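Trainee: Listed below, chain by chain, are the residues.
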Amino acid sequence: MNVEIKNLIFSYGKVKALDGVSIALPDGAIGLLGPNGAGKSTLIRILLGFLRPDRGEGRVLGYNIRSEQNTIRRYVGYMPEDDCFIPGMDGVTYTSYLGQLSGMPRQEAMKRAHEVLYYVGLEESRYRMLETYSSGMRQRLKLAQSIVHDPKLIFLDEPTSGLDPQGRIEILELIKDISSKKDIQILISSHILSDIEAVCSFVVILDKGRLAAQGEMDKLKEIDYSMFEMKLKGSTDSFIDRLRSLKYKIEEMEDRLLKVYMPPDRNVQEIFQLAFEEKIQIRHFVKSQTKLEDLFAKVVGVD
Amino acid sequence: MTIKEKGYAHWDGKLEERRFNWWPITRLGISLTFKKKFFKFTFLVSLLPALIYLVGIYIAERIEDFPFIESGQADFLKTNPGYFYSYFTQGSLLFIMIAILIFSGSGLISDDLKHNALQLYFSRPIKKSEYFLGKISTIFFFIFILTLVPGIVFLLMKFLFAGNFRFFVQYPWLPLSICAYSVIIAVFLGLYTLFLSSLSTNRRYVGILIFAVYFFTDILFGIFNSIFHNQYFVLFSIRWNLKQVGAAFFQQKGHYDVPWILSLLVLTVICGLAVLVLHKRVRGVEVIK
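Chains as they are written, first to last, in our numbering: chain A, -12 to 290; chain B, 8 to 296.
FYI, nobody ran anything at the bench for these hints, they're computed from the structure. The structure presented is a predicted model; accordingly, all values stated were derived computationally and were not measured.
Some, not all, of what chain B presents toward chain A, calculated at C-beta under 10 Å:
1. Ala16
2. Glu24
3. Asn28
4. Lys43
5. Gly114
6. Asp119
7. Ala124
8. Leu125
9. Lys134
Covered by chain B, according to a simulated footprint, are these stretches of chain A (three or more residues, beta-carbon under 8 Å):
10. 70 to 78
11. 99 to 113
Pairs of lysine to aspartate or glutamate, DMTMM-like flavour, derived with a Cα cap of 25 Å:
12. Lys163/A - Asp69/A
13. Lys135/B - Asp41/A
14. Lys134/B - Glu95/A
15. Lys98/A - Glu157/A
16. Lys1/A - Glu44/A
17. Lys135/B - Asp69/A
18. Lys218/A - Asp252/A
19. Lys98/A - Glu23/B
20. Lys139/A - Glu160/A
21. Lys121/B - Asp69/A
22. Lys246/A - Glu280/A
23. Lys98/A - Glu160/A
24. Lys287/B - Asp41/A
25. Lys139/A - Glu203/A
26. Lys246/A - Glu203/A
27. Lys163/A - Glu102/A
28. Lys134/B - Glu44/A
29. Lys195/A - Glu68/A
30. Lys168/A - Glu95/A
31. Lys44/B - Glu118/A
32. Lys3/A - Glu68/A
33. Lys121/B - Glu145/A
34. Lys134/B - Asp69/A
35. Lys163/A - Asp19/B
36. Lys21/B - Glu102/A
37. Lys42/B - Glu118/A
38. Lys168/A - Glu(-9)/A
39. Lys134/B - Glu68/A
40. Lys134/B - Asp41/A
We put the beta carbon where it would ideally sit given N, CA and C, even for glycine.
Sequences and hints are given; from them, build the entire structure.
Mentor: Next up, the structure:
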């Protein structure tokens, strides 16, 4: 386990940002999900060594998050969400400079900078001043600087934000390729669930500073609930209210389509029985393929 | 097969734990300064005072070769601590240093703040102190070229032109004074510039601030002094505080009858405030939003 934290507690004054979070992340690509204010950024700040937790212990790449923060930062890469660069430099000088700051020898850093810029698709623009880069190119550049020193663990914060669909696919391909190396772990924090679904095999979901779910994506999607899509005919209000009173979660979609999350202790017959009692016709009833979106909706709430 | 087709490749080197992590930051600061428009010209001009004083040392030692120089003028060229004091505290040199600071220092932190670059630094094994040291060393480099380096060159040239050690025996403390005063100027101007650079995300405003604050304090002193006729208002002026301290370090009489230690205290307080503001403005913890 490259990242292992136990009972992490951290507060900003009276506001508890993390409340007893314990996670153990396996190798590969891991998705970090949660609504705004869930504690994702605080968790990354702690893992990068910017914040000392109030309580709890943790190790990143085997280094203590309390006492070996500088060493942790030497071996991790970080791709920030914000547009960030150092003006007055060209792409290759910039990437090489950040490699040097990570501890690479100057010449090696320059050589490696060329390689990673080729890798992320900026070979043609590596001698251009950064001020002239488009937002898509800057996004690639951020990825390049995060991998220039060949980190063992990479934090990617919203890696596809601001990219056009093709650029997004390409960045995701690169991330997949990097994470396919057995000895590199990637932690992706993103609001775009389909990105996480496309790249990650393991997911951690935070909600209000607490761990809402963690595990292999496929297993998490299977566990303890089922989801159906249905279309009804008749007066549906009372039927929906009765389902909700039985802890079903119901989301109204377009075209009078309903998405129904069925609790684990219920069964499908019950839905038909209720429809019969409420004199409702069920015109369409399909067991839906569960997506990460559904899992997310389930653990942090449909709303 | 291109690298993209090969896929991600590992780097087979080893990351070093450097003793001077701040050095790449300094090197970048210096190289970016030299890339700025008009800087090379300004930099060359800034070396003129040193060149003129160097010629002065030569003439003073070979005065018999210059019969057109009258004895009164020759006294002015006499190489003694006063000569060094005159070089180090002349208004034109301080003015040139301010101009150099505008080129080299105005964007040091403001650019990082504007382009969110702090997170790039602090997500690497760089401590805040190393970040500041790297930035301030850029300023040290340029200030030392105008103070410490000429001071040492003057001493060496004096020795070469005189051909004896009499000067060093007479003023054994002078090399130390040159070093100490150069360090004081560099530290003060370094912190002054970084402090102002951290106040805005616009390097142009910072450039104006560097220039304006320096002259405003001088004007303030002039106004108060002319109204109240009290020399202690000299403590308001950055330029005069530097001169007063310089006078003490080169064992000269200050222009104003105000204890030099008070001037040093004022400069120290400004440096202290600058450190506090820098500490507040540059925070690694806020880099991830």
